[in-house]
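Novice: Single-letter residue listing:
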Amino acid sequence: RKEVEQDPGPFNVPEGATVAFNCTYSNSASQSFFWYRQDCRKEPKLLMSVYSSGNEDGRFTAQLNRASQYISLLIRDSKLSDSATYLCVVVTSGTYKYIFGTGTRLKVLA
Amino acid sequence: DVKVTQSSRYLVKRTGEKVFLECVQDMDHENMFWYRQDPGLGLRLIYFSYDVKMKEKGDIPEGYSVSREKKERFSLILESASTNQTSMYLCASVDRFRRGEQYFGPGTRLTVT
Chain A
21 RKEVEQDPGP FNVPEGATVA FNCTYSNSAS QSFFWYRQDC RKEPKLLMSV
71 YSSGNEDGRF TAQLNRASQY ISLLIRDSKL SDSATYLCVV VTSGTYKYIF
121 GTGTRLKVLA
Chain B
4 DVKVTQSSRY LVKRTGEKVF LECVQDMDHE NMFWYRQDPG LGLRLIYFSY
54 DVKMKEKGDI PEGYSVSREK KERFSLILES ASTNQTSMYL CASVDRFRRG
104 EQYFGPGTRL TVT
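Here the protein sequences line up with chains A and B, keeping their order. The working numbering numbers the first residue of the first sequence as 21 and each following residue consecutively. The working numbering numbers the first residue of the second sequence as 4 and each following residue consecutively.
Simulated from the structure, these hints should not be mistaken for laboratory data. Mixed in with the good hints there might be a few duds.
[Unchecked claim] Away from chain A, derived, C-beta distances all over 10 Å, residues of chain B: (1) Leu14; (2) Lys21; (3) Ser68; (4) Glu75.
[To be verified] Subject to a maximum C-alpha distance of 20 Å in a straight line, what follows is the list of computed EDC-like cross-link-like pairs (lysine to aspartate or glutamate): (5) A:Lys117 x B:Glu59; (6) A:Lys65 x B:Asp31; (7) A:Lys22 x B:Asp62; (8) A:Lys117 x B:Glu104; (9) B:Lys6 x A:Glu63; (10) B:Lys6 x A:Glu76; (11) A:Lys117 x B:Glu33; (12) A:Lys65 x B:Glu104; (13) A:Lys117 x B:Asp54; (14) A:Lys62 x B:Asp41; (15) A:Lys65 x B:Asp41; (16) A:Lys117 x B:Asp62.
Glycine included, each C-beta is placed from N, C-alpha and C at the ideal position.
Isolated chain B, as found in the complex (with noise of 0.2 Å):
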């Protein structure tokens, strides 16, 4: 069975602290993805990796790094975390030749006070 992992289900953060968000898929796939959902505003893209290094920024990438050391693993980092960061994180991650269902992580339901 398919699995996407992410490393907190929930998370409170305060303003200002440096934040990671983490995801592990066991699929070999070679392209994960960052979201972020809010309501009324649906999945936004932050950053997309299509290989081990290489990252291209999203739709809104703005205040996000990410980090792609293993192919296995892509992580989400928020340098200085706000409150307007409040909001669900969601990883996927795809088969680069298939082009077919991105398989998502349970999310990451981020609180920034």
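Okay, chain A solo, but in the shape it has when bound (with noise of 0.2 Å):
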């Protein structure tokens, strides 16, 4: 089992829509917890950290379920420029290591 999953999509929305990303990750011991964005032949960039108490900035919440095991990314209002792929990023505790999902893929349609 991959250390953290995330559905590859693509999930094509149209402008306007809210669309949600899950991604469960294998290890309890996980500290950290991130979503980062990558543009096409990008480098990634963070999108939002994600705490216990979940967060929000503008159009885009990130919750943490550390009962199951996941964290999740909602977009509202979604736009063209949201077109993207979002990686999910988690930490272990008493480690460095920053482990990656694969993406998940966004195209916001017009």
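Now that you have both chains on their own, put them together as the hints suggest.
Specialist: Structure follows, in structure tokens:
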């Protein structure tokens, strides 16, 4: 079983739609969680960290469910510019190892 | 503005050549990483360095070595390039004490022919 798993997609959604991605992780000792965005042929960039209490940044909301070992990303009012690959990243307690999911591809259609 | 730079965006090398990929960060970060990214496999950690001259193997270190002589610079070396090392190589750094955002360089797309 992979340490971090994501649905690769693509998720094709119309502009203005709400879309949600989940990411599951296998190590219960994981302590830090992030969502990164990666545009085609570019480097990954931090979208948001994921806190235990959940957090929101504009149209983006991230949640953590430790009991079920998954994190989620919700995007409201999708824009064409949101089209990208979204990477889930997990850091295990006591290590500096960042485990990346393979990414979920989002296409927002006009 | 924080910055991680990599020596080349695109590189074409022949099988058997020794290849050097360089990464420089200007954020005084202790921790630096080398990943390769392949379709369907995501980012895989090759090597990690937590201080000058200190390194740890990642998940796929075979065929690679690294060098960290100065805090700001982390080099990846392919001792004898092979076609299965054709990939996108990404360098990243992070502040040791924050364990937060990893900052990535723009990547080097290496083709070995």
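Novice: So, for every hint listed, does it hold in this structure?
Specialist: Hints and how they fare:
For B:Leu14, the condition that its CB be more than 10 Å from all CB atoms of chain A holds, with the nearest at approximately 15 Å. For B:Lys21, the condition that its CB be more than 10 Å from all CB atoms of chain A holds, with the nearest at approximately 25 Å. Residue placement check: B:Ser68 keeps its beta carbon more than 10 Å from all beta carbons of chain A (closest about 19 Å). Remark: the non-interface label on B:Glu75 is consistent with the geometry, its nearest Cβ contact in chain A lying 18 Å away (cut-off 10 Å).
The suggested pairing of A:Lys117 with B:Glu59 holds, with an alpha-carbon distance near 10 Å, which does not exceed 20 Å. Only pairs whose Cα atoms come within 20 Å are accepted, and A:Lys65 paired with B:Asp31 is accepted, the gap being roughly 19 Å. Restraint check for A:Lys22 and B:Asp62: the C-alpha separation of about 13 Å stays at or below 20 Å, so the hint holds. Between A:Lys117 and B:Glu104, the direct Cα distance comes to roughly 12 Å. Compliance with the 20 Å bound is thereby established for this hinted pair.
Taking the CA atoms of B:Lys6 and A:Glu63, the gap is near 12 Å; set against the 20 Å cutoff, the hint holds. Simply put, B:Lys6 and A:Glu76 have alpha-carbon atoms about 26 Å apart, too far for the 20 Å limit, and the pair is violated. Of the supplied pair hints, the one linking A:Lys117 and B:Glu33 holds, its CA atoms being roughly 14 Å apart against a limit of 20 Å. In summary, the hint linking A:Lys65 to B:Glu104 is supported, as the alpha carbons are separated by about 9 Å, within the 20 Å threshold.
Proposed proximity of A:Lys117 and B:Asp54 is supported: the alpha carbons are some 15 Å apart, at most 20 Å. Restraint check for A:Lys62 and B:Asp41: satisfied, since their Cα atoms lie roughly 13 Å apart, inside the 20 Å limit. Restraint check for A:Lys65 and B:Asp41: satisfied, since their Cα atoms lie roughly 17 Å apart, inside the 20 Å limit. In summary, the hint linking A:Lys117 to B:Asp62 is supported, as the alpha carbons are separated by about 10 Å, within the 20 Å threshold.
The structure fails to meet hint 10 from the earlier list, while all remaining hints are met.
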